[in-house]
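Student: Residues per chain, in single letters:
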Amino acid sequence: MRRRGVGAGAVAKKKLAEAKYKERGNVLAEDQIVQMSKQLETFKSNLEEFASKHKQEIRKSSEFRVQFQEMCATIGVDPLASGKRLLVGDARCRNGGLITLNELHQRVLSGRGKYAQDVSQDDLMRAIKKLKVMGNGFGMIPVGGSYLVQSVPAELNMDHTVVLQLAEKKGFVTVGEIKEGLKWEKERACHVLDHLLKEGLAWVDSQAAGESQYWFPALFSELTSRDVTPEEANQMSP
Amino acid sequence: MSFEWPWQYNFPPFFTLQPNVDTRQKQLAAWCSLALSYCRHHKLYTLDIMEAQETPVFNNKKIERKLSMEAIQVVFEELRKKGNLEWLDKNKSRSLVMWRRPEEWGKLIYQWVSRNGMNNSVFTLYELANGDDTEGEEFHGLEDWMLQRSLQALQTDGKAEIITLDDGKGVKFF
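These protein sequences, in sequence, are chains U and B. Under full-length UniProt numbering, the first residue of the first sequence carries the number 1, and numbering increases by one thereafter. Under full-length UniProt numbering, the first residue of the second sequence carries the number 1, and numbering increases by one thereafter.
Among the hints, a few may not be true.
List time: in silico BS3-like cross-link candidates among lysine-lysine, alpha-carbon distance up to 30 angstroms [said to hold, decoys possible]: (1) B:K81 <-> B:K66; (2) B:K66 <-> U:K169; (3) U:K198 <-> B:K82; (4) U:K186 <-> B:K66; (5) U:K169 <-> B:K62; (6) U:K198 <-> B:K43; (7) B:K26 <-> U:K198.
Over 12 angstroms on every C-beta distance to chain U, these chain B residues come out as not near it, computed from the model [to be verified]: (8) P56; (9) E64; (10) Y110; (11) W112.
Computed Cβ-Cβ distance ranges for the label pairs, DEER-style [to be verified]: (12) U:E185 <-> B:R24: 23 to 31 angstroms; (13) U:K186 <-> B:Y45: 20 to 28 angstroms; (14) U:K183 <-> B:R24: 28 to 36 angstroms; (15) B:L165 <-> U:S206: 55 to 63 angstroms.
None of these hints come from the bench; they were simulated from the model. Glycine included, each C-beta is placed from N, C-alpha and C at the ideal position.
The following block holds chain U by itself, in its conformation from the complex (with noise of 0.2 angstroms):
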């Protein structure tokens, strides 16, 4: 029997071989892949068309709703997409969660198409009023004639938004503007600082002349795009 070549010539073509059977291989690995992203985006499609069509029926059994969502959820699909989704997770790393109803109002115009539906000021507070349904995540805290937009946990009470409300002038307070602006004791004035500085929302500034100063980034941020400088704001009386 004769001996299979071994020559340089039979491993160069076996190589060569090997070469296109491995190419083919992706080729068809690619074409299953676009295939099954096909199959997936129409299934996804005619699943949202579902969605909008039986709108009533999966409001009103609890159970499909959830099954419904499960699936959902698996694969993907929102099935809440209306086109008004807010993201307010920016805000989380500047301000430690606190961002105000103008710049809000900025950001999600910039981060929308030129063809998108207008927002309003008055729709992001409607989206905001029903994140909070789902928990404390969300808040709306009124200070002068506008609002800070809270978009993390962060338990604050009728206290800490006083002094919000207080701060937002000049962009920060200090113990005793508050003992004199509300009329407080000195530990209750310090204890809600406190609370402010251990959720993130304060910064304290040791170096002012007096008194420490106690600086929220949300509103500094707002009063300088106002291009008011931090001098400036210091100058003006509460």
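Add chain B to chain U, keeping to what the hints say.
Tutor: Just chain B now, kept in the frame of chain U:
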């Protein structure tokens, strides 16, 4: 081009080390990035901790706030942990600032070499940092110690070999 200050630079409490751990972490990250981009803009390679307090970066005269010596030490230590700073003395008074770490410089140099098809060529260190060929490259004018560190990093990766030439050091790229 003038240096663009981040918003924090005008935020008075930025110059007070924050008591809250999470807030302080954000603050230190912002300080590190500000210090590095400032040194990069002004091509500073060494920082003296005593002088630091008077440099504009740690001392904002406009809002009359400056970082305390202790806080500057904390920022420097943070930079050291990230591999962007090295102490030059035991007392921790002078430091090398590396707005790019040696490996990053090495990568830039090696990219330039490969782009110009000069692998397997020998360069003197002077040529690399000050020659006409590298004019316009970011590593042009790089200080000698930093250049050597970058090339050592490349050598460790097997991409270069530092060699001794008659008139100083040279490097061969692979």
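Student: Okay, which hints does this one fail, numbers in order?
Tutor: 6, 9 and 13
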